[in-house]
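Novice: All chains, please: the whole structure from these sequences, using the hints.
There are 2 protein chains.
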Amino acid sequence: MIRIKNARVMPMTNGTEISFGEVWTDGDKISFVGAPSSEQLKTTVFEREIDAGGNIVMPSFKNAHTHSAMTFLRSYADDLPLQEWLFNKIFPMEAKLTGEHIYWLTKLAILEYLTTGVTASFDMYFEPDAYIKANIESGFRTVLCGSISGGAENLDRLDGYMKKFNGMDPLISYRLGFHAEYTASRELMEGMGEMAKKYRMPVSMHTSETEKEVRECIEKYGKTPTELFDSMGIYDFGGAGFHCVHMTENDLSIFREKGVYAVTCPGSNVKLASGIAPISKMLDMGIKVGIGTDGPSSNNCLDMFREMFLMTALQKVSLKDAAACPAEKVLEAATVGSAHAMGLDDCDVLAEGKQADIIIIDLEQPNMQPVNAPANNIVYSGSKQNVKLTMCAGKVLYEDGKFSIGAEPSEIYAKANEIINSMKE
Amino acid sequence: MIRIKNARVMPMTNGTEISFGEVWTDGDKISFVGAPSSEQLKTTVFEREIDAGGNIVMPSFKNAHTHSAMTFLRSYADDLPLQEWLFNKIFPMEAKLTGEHIYWLTKLAILEYLTTGVTASFDMYFEPDAYIKANIESGFRTVLCGSISGGAENLDRLDGYMKKFNGMDPLISYRLGFHAEYTASRELMEGMGEMAKKYRMPVSMHTSETEKEVRECIEKYGKTPTELFDSMGIYDFGGAGFHCVHMTENDLSIFREKGVYAVTCPGSNVKLASGIAPISKMLDMGIKVGIGTDGPSSNNCLDMFREMFLMTALQKVSLKDAAACPAEKVLEAATVGSAHAMGLDDCDVLAEGKQADIIIIDLEQPNMQPVNAPANNIVYSGSKQNVKLTMCAGKVLYEDGKFSIGAEPSEIYAKANEIINSMKE
Numbered sequence: 000m001i002r003i004k005n006a007r008v009m010p011m012t013n014g015t016e017i018s019f020g021e022v023w024t025d026g027d028k029i030s031f032v033g034a035p036s037s038e039q040l041k042t043t044v045f046e047r048e049i050d051a052g053g054n055i056v057m058p059s060f061k062n063a064h065t066h067s068a069m070t071f072l073r074s075y076a077d078d079l080p081l082q083e084w085l086f087n088k089i090f091p092m093e094a095k096l097t098g099e100h101i102y103w104l105t106k107l108a109i110l111e112y113l114t115t116g117v118t119a120s121f122d123m124y125f126e127p128d129a130y131i132k133a134n135i136e137s138g139f140r141t142v143l144c145g146s147i148s149g150g151a152e153n154l155d156r157l158d159g160y161m162k163k164f165n166g167m168d169p170l171i172s173y174r175l176g177f178h179a180e181y182t183a184s185r186e187l188m189e190g191m192g193e194m195a196k197k198y199r200m201p202v203s204m205h206t207s208e209t210e211k212e213v214r215e216c217i218e219k220y221g222k223t224p225t226e227l228f229d230s231m232g233i234y235d236f237g238g239a240g241f242h243c244v245h246m247t248e249n250d251l252s253i254f255r256e257k258g259v260y261a262v263t264c265p266g267s268n269v270k271l272a273s274g275i276a277p278i279s280k281m282l283d284m285g286i287k288v289g290i291g292t293d294g295p296s297s298n299n300c301l302d303m304f305r306e307m308f309l310m311t312a313l314q315k316v317s318l319k320d321a322a323a324c325p326a327e328k329v330l331e332a333a334t335v336g337s338a339h340a341m342g343l344d345d346c347d348v349l350a351e352g353k354q355a356d357i358i359i360i361d362l363e364q365p366n367m368q369p370v371n372a373p374a375n376n377i378v379y380s381g382s383k384q385n386v387k388l389t390m391c392a393g394k395v396l397y398e399d400g401k402f403s404i405g406a407e408p409s410e411i412y413a414k415a416n417e418i419i420n421s422m423k424e
Numbered sequence: 000m001i002r003i004k005n006a007r008v009m010p011m012t013n014g015t016e017i018s019f020g021e022v023w024t025d026g027d028k029i030s031f032v033g034a035p036s037s038e039q040l041k042t043t044v045f046e047r048e049i050d051a052g053g054n055i056v057m058p059s060f061k062n063a064h065t066h067s068a069m070t071f072l073r074s075y076a077d078d079l080p081l082q083e084w085l086f087n088k089i090f091p092m093e094a095k096l097t098g099e100h101i102y103w104l105t106k107l108a109i110l111e112y113l114t115t116g117v118t119a120s121f122d123m124y125f126e127p128d129a130y131i132k133a134n135i136e137s138g139f140r141t142v143l144c145g146s147i148s149g150g151a152e153n154l155d156r157l158d159g160y161m162k163k164f165n166g167m168d169p170l171i172s173y174r175l176g177f178h179a180e181y182t183a184s185r186e187l188m189e190g191m192g193e194m195a196k197k198y199r200m201p202v203s204m205h206t207s208e209t210e211k212e213v214r215e216c217i218e219k220y221g222k223t224p225t226e227l228f229d230s231m232g233i234y235d236f237g238g239a240g241f242h243c244v245h246m247t248e249n250d251l252s253i254f255r256e257k258g259v260y261a262v263t264c265p266g267s268n269v270k271l272a273s274g275i276a277p278i279s280k281m282l283d284m285g286i287k288v289g290i291g292t293d294g295p296s297s298n299n300c301l302d303m304f305r306e307m308f309l310m311t312a313l314q315k316v317s318l319k320d321a322a323a324c325p326a327e328k329v330l331e332a333a334t335v336g337s338a339h340a341m342g343l344d345d346c347d348v349l350a351e352g353k354q355a356d357i358i359i360i361d362l363e364q365p366n367m368q369p370v371n372a373p374a375n376n377i378v379y380s381g382s383k384q385n386v387k388l389t390m391c392a393g394k395v396l397y398e399d400g401k402f403s404i405g406a407e408p409s410e411i412y413a414k415a416n417e418i419i420n421s422m423k424e
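Chains R and U, in that order, are what the protein sequence lines are. If you count the first sequence from 1, position 152 lands on 151 in numbering that gives the first Met the number 0, and the numbers rise without skipping. If you count the second sequence from 1, position 104 lands on 103 in numbering that gives the first Met the number 0, and the numbers rise without skipping.
Certain hints may be false.
In this list, chains with the same sequence are indistinguishable; a pair is considered to hold if it fits within one copy or across any two.
Taking lysine-lysine and the DSS-like style, the derived pairs with C-alpha atoms no more than 30 Å apart in a straight line are [to be verified]:
no.: 1; residue 1: Lys4; residue 2: Lys423
no.: 2; residue 1: Lys280; residue 2: Lys88
no.: 3; residue 1: Lys319; residue 2: Lys211
no.: 4; residue 1: Lys219; residue 2: Lys163
no.: 5; residue 1: Lys28; residue 2: Lys41
no.: 6; residue 1: Lys4; residue 2: Lys414
It is worth saying that the hints were derived from the structure and are not from the lab.
Specialist: Below, the structure written as structure tokens:
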């Protein structure tokens with residue numbers, strides 16, 4: 000058992016309410032949250048005691064949309080129009096990727112996630128075996144999201160993945176999903192609707208990221224992507240839409256009625272000039288919201304603090320309302336909302352029996368002082384420098400700038416450079 | 000002399016061009032930049048050699064608009080409409096400030112500046128004596144900007160400050176300025192025009208931050224703030240406008256013709272819902288641009304990395320052009336542009352004879368790997384965690400997370416909390 004004591008505990012079970020106390024873990028689970036009695040303390044044996052020093056202990060962040068292994072394309076193609084970026088720069092390089100590449104590039108992403116307090120990713124990419132190996136070896140939690148595209152013949156592959164990867168390891172799960180409307184045939188999407196029914200499971204995909212995507216979908220099907228998916232039964236058991244920038248009133252109503260999560264990726268959406276998602280409106284309507292970084296070639300970093308500031312700041316400026324999207328809503332999205340969007344219902348808050356996915360936020364840094372409102376500090380002035388400790392499934396993977404993921408960062412950096420340099424040749 | 004060796008040197012003298020080499024300092028100045036000969040190395044005695052480990056050595060960032068001592072109001076009043084924020088929350092607390100408060104609150108800001116690679120601030124606030132004391136003691140460079148408001152009787156005070164503070168210390172300078180059109184009388188502004196002429200010096204002020212400000216100025220004077228200032232001769236020797244969000248075509252033409260710097264504060268502008276400054280257009284027109292954080296009660300942090308990302312990302316999303324405002328322009332604004340806007344012409348780039356205001360950017364962190372384009376990495380994925388060393392006037396004030404400013408951070412944090420808590424009573 001691990002004891003984290005002397006903490007400002009923000010369990011995210013009641014907004015951003017904070018109380019002084021402790022969090023204990025036992026194996027991969029949280030065994031106690033609160034102020035222990037002297038009797039409890041006397042009868043409990045801890046393998047380690049961590050003095051939080053009055054800092055914040057809270058649930059870790061979850062990254063509800065990403066393509067982790069795209070680390071190799073960080074800063075490879077910036078300041079380009081979207082089409083040129085994607086077709087001339089990204090796709091040709093991705094075509095060269097091997098499983099071995101994915102393995103190392105994923106480890107690089109995991110290092111970065113840990114520095115920003117993220118312990119789980121909802122990932123869409125290639126080579127799931129290599130990807131999973133990197134996650135399990137690192138002790139990092141991941142939910143793979145189906146990302147098939149093209150014709151209905153690919154549905155069998157997805158079905159195979161569902162059977163192969165679910166249940167293989169406590170850190171790994173696989174969820175139904177496909178890439179996007181604009182890369183899928185009608186038959187594939189109809190098949191996804193049937194698969195939702197078969198598994199009684201949510202389905203997730205990129206949706207309404209760009210104006211072009213929505214316009215062309217309406218031209219082709221007479222429906223927005225959300226309306227199309229809904230008409231095919233794809234959302235009958237919920238799901239998550241990634242990006243959700245260009246949403247109609249009817250799209251939003253469907254999301255609310257079907258309990259579909261909107262996963263916002265504000266960093267990517269501004270850098271690629273896609274637009275600003277109507278997050279405030281979604282929250283007002285009661286639509287559930289999570290946050291994702293998207294992949295590091297479009298963002299370019301995997302930094303939940305940047306995403307959190309952008310989530311609220313872009314609402315404020317676009318609605319001309321400095322009161323829009325308050326800090327509490329942002330923190331709920333980055334923890335509880337993202338966890339639920341990924342199906343990680345046991346990783347959402349700090350409470351007995353939940354998974355021990357925990358971070359300590361260092362307030363003893365100039366950007367967090369004075370301590371007027373710690374939750375606001377996290378959203379409005381917090382940064383990676385404030386992540387003192389990141390624990391996933393009860394294991395400390397990052398502490399005071401040092402990683403414990405079974406591989407040296409220097410080796411991972413060298414491999415990542417080697418991979419991209421060999422591709423450029 | 001200090002030798003920084005084994006570096007990717009980005010002097011900012013030729014865009015973001017980088018070459019492997021060294022930077023030497025002698026006292027407060029740079030004495031050498033480049034690849035030294037073995038003869039040079041043999042004949043030079045160094046008091047310290049810093050191995051940059053292949054990391055980037057570049058000019059420090061300059062914060063071209065701030066109110067440093069407002070650290071005490073960080074997270075004190077978030078998610079509020081602008082008027083309520085300012086009149087009900089900020090002004091009543093500021094009325095309680097003493098010189099002693101300003102002294103400690105400024106030191107807190109300096110700590111934060113150093114973590115983000117900033118070595119100089121262009122500051123507008125009260126109690127200049129206490130403010131200057133905090134800066135000199137810390138070894139931090141500052142340019143005070145006149146911030147008078149009200150009637151013409153206050154011009155004498157500004158005149159007194161100009162004489163008192165310029166030349167008192169190499170780290171300190173004072174520039175002509177006033178708060179803003181909406182807090183100044185016509186007579187004060189006309190007096191500023193005369194003072195510009197008298198000193199043959201630029202004049203700086205808040206300008207066109209909000210729609211309301213511009214609208215009310217037009218109602219009162221029949222001119223925009225920029226037109227009004229120009230008509231009074233205020234810009235006859237240049238100047239800097241802080242914020243510059245709501246600018247007309249004619250305003251921009253005046254800025255270009257008079258060589259006035261636009262100092263953008265994107266973090267504050269989005270958080271307070273003021274709008275998005277037309278930075279791309281300014282750059283296209285050849286208007287000179289600097290970057291400021293604004294004060295920590297509106298931002299809420301003093302983080303140049305956040306400002307740099309926002310500067311470009313907000314242009315991209317508002318213009319629907321992912322190619323807008325490329326990384327190089329952002330880095331130029333944060334270094335050369337900001338320095339020149341503040342009158343720090345000898346602190347702009349790495350070159351022999353320039354002030355030794357230097358930072359080392361750590362690439363050996365997951366968010367900077369692989370190293371495809373280091374300059375882009377700084378703008379698009381860089382963060383405070385990458386600031387390995389901050390040197391001001393030849394002195395290392397921050398290195399590997401440790402401060403050398405003559406005061407302990409813990410004491411500064413305690414004082415800051417004491418100050419705000421006593422005010423809340």
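Novice: So, for every hint listed, does it hold in this structure?
Specialist: Evaluated hints:
Proximity of Lys4 to Lys423 under the C-alpha cut-off of 30 Å is restricted to the inter-copy arrangement: shortest distance 29 Å between copies versus 50 Å within a copy. When the C-alpha separation of Lys280 and Lys88 is checked against a cutoff of 30 Å, the pair qualifies only between copies, where the shortest distance is 27 Å, while the shortest distance within a copy is 35 Å. For the identical chains of this complex, Lys319 and Lys211 are neighbours both inside a copy (26 Å) and across copies (12 Å), given an alpha-carbon limit of 30 Å. With identical chains, the CA atoms of Lys219 and Lys163 are never at most 30 Å apart, being 35 Å at best within one copy and 72 Å at best between copies.
Taking the shortest Cα distances, Lys28 and Lys41 sit within 30 Å of each other inside one copy (21 Å), while across copies they are farther apart (61 Å). For a Cα distance limit of 30 Å, the shortest separation of Lys4 from Lys414 across copies, 25 Å, qualifies, whereas the shortest one inside one copy, 39 Å, does not.
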